[in-house]
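S.K.: Note that the protein sequences, when read in sequence, are chains L and V.
Here the first sequence is numbered in our numbering, starting from 975 and rising by one per residue.
Here the second sequence is numbered in our numbering, starting from 19 and rising by one per residue.
Errors might be hidden in some of the hints.
Cross-link-like lysine to any residue pairs, in silico, SDA-like; alpha carbons within 25 Å at most [as the list claims (entries may be wrong)]:
1) K61(V) with P1109(L)
2) K1042(L) with A999(L)
3) K52(V) with N74(V)
4) K1088(L) with K24(V)
5) K49(V) with K87(V)
6) K1014(L) with A1100(L)
7) K61(V) with T1104(L)
8) K20(V) with A57(V)
9) K1014(L) with K20(V)
10) K1096(L) with K20(V)
11) K49(V) with G99(V)
12) K1088(L) with L1002(L)
13) K24(V) with S980(L)
14) K87(V) with I1029(L)
15) K52(V) with I1089(L)
16) K1088(L) with K20(V)
17) K1096(L) with A28(V)
18) K24(V) with Q1033(L)
19) K54(V) with H1108(L)
20) K52(V) with H1108(L)
21) K1096(L) with V83(V)
22) K87(V) with A1030(L)
23) K24(V) with D1101(L)
It is worth saying that the hints were derived from the structure and are not from the lab.
The model shown is predicted, which means the values in this text are computed figures rather than measured ones.
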Amino acid sequence: MISITSDAIDPLEVLESVKSNQAGASVLFVGSTRQFTGEKETLQLEYECYESMAIAKIQQLVDAAGDKWNIEQCSVVHRIGVVGLGESSIVVAVSTGHRKESFEAAAWLVDELKIQVPIWKKEFWADGKTEWVHPSGDQRRIPKNLNASRGAS
Amino acid sequence: MKIQIKLFAAAREISERGELELEVAEGLSVKDMKLKISAEHPKLSELILRSAVSLNREFATDESVVHEKDEIALIPPVSGG
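Next up, chain L with everything else stripped away, as it sits in the complex (with noise of 0.2 Å):
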């Protein structure tokens, strides 16, 4: 399952929809809205997609992720709109034979959503400014065509 959604994301229903009898693990990741940044409280995030390119990134992604891993199942989950404190933006699940391909399964899917998927947040800081992110320098690699790299590594 691969959605964008700007409906309240139930992680256990996304958990469900990995699961397999080949599996012998199953890891579920959960990334929701942290109040404090340092000393810089967040109100709430805000995110926006580009939605078509979005989903074809993600698919990109899972299909990637199935050339380097033995996966059974893999669903990713991204929520746009307003996310409150505590409340989930994104959710991955990945079932495999193994436990230690889905640990790392979900964790590279994860890493490289975060800089090939065009999906932006904006922090509502609690003294009241709006800030798009866009990260610079060493935060961000350059993206690159995952079908032009397929094979590569």
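Based on these hints, arrange chain V on the given structure of chain L.
M.R.: Relative to chain L, chain V alone:
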């Protein structure tokens, strides 16, 4: 030819619109398109330096050539997750 460029996040807010329209010459490269946007919309120039461009929902290189029917978007550094 006329091209439309989708804008998102800070780029959309800075320019107060979701899409830019540019009149450009055939054979324009992505690099030259970014320079042209910066020249016509100076408020976007800092962000454009740090942004990627997508053509038909795939990341383009500076050398990629823009065509009239392409779906073009300016992709500021992403921050999903």
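S.K.: If a hint holds in the structure, say so; if it doesn't, say that too.
M.R.: Quick rundown of the hints versus the structure:
1. K61(V) with P1109(L): Cα-Cα ~18 Å, so holds.
2. K1042(L) with A999(L): This hinted pair holds, its Cα atoms lying about 17 Å apart.
3. K52(V) with N74(V): Distance ~16 Å between K52(V) and N74(V) Cα, so the pair holds.
4. K1088(L) with K24(V): Roughly 20 Å between the alpha carbons, so the hint for K1088(L) and K24(V) holds.
5. K49(V) with K87(V): Since the Cα atoms of K49(V) and K87(V) sit roughly 18 Å apart, the hinted pair holds (cutoff 25 Å).
6. K1014(L) with A1100(L): 8 Å, holds
7. K61(V) with T1104(L): 18 Å, holds
8. K20(V) with A57(V): 17 Å, holds
9. K1014(L) with K20(V): Cα-Cα ~44 Å, so violated.
10. K1096(L) with K20(V): Given that 25 Å is the threshold and the Cα spacing comes to 31 Å, the pair is violated.
11. K49(V) with G99(V): 29 Å, violated
12. K1088(L) with L1002(L): Roughly 17 Å separates the two Cα atoms, so the pair holds.
13. K24(V) with S980(L): Roughly 21 Å separates the two Cα atoms, so the pair holds.
14. K87(V) with I1029(L): This hinted pair holds, its Cα atoms lying about 21 Å apart.
15. K52(V) with I1089(L): Satisfied, since the Cα-Cα distance of roughly 21 Å is no more than 25 Å.
16. K1088(L) with K20(V): 32 Å, violated
17. K1096(L) with A28(V): Holds, at roughly 9 Å.
18. K24(V) with Q1033(L): 21 Å, holds
19. K54(V) with H1108(L): 22 Å, holds
20. K52(V) with H1108(L): 18 Å, holds
21. K1096(L) with V83(V): Distance of about 32 Å is beyond 25 Å: violated.
22. K87(V) with A1030(L): 19 Å, holds
23. K24(V) with D1101(L): 31 Å, violated
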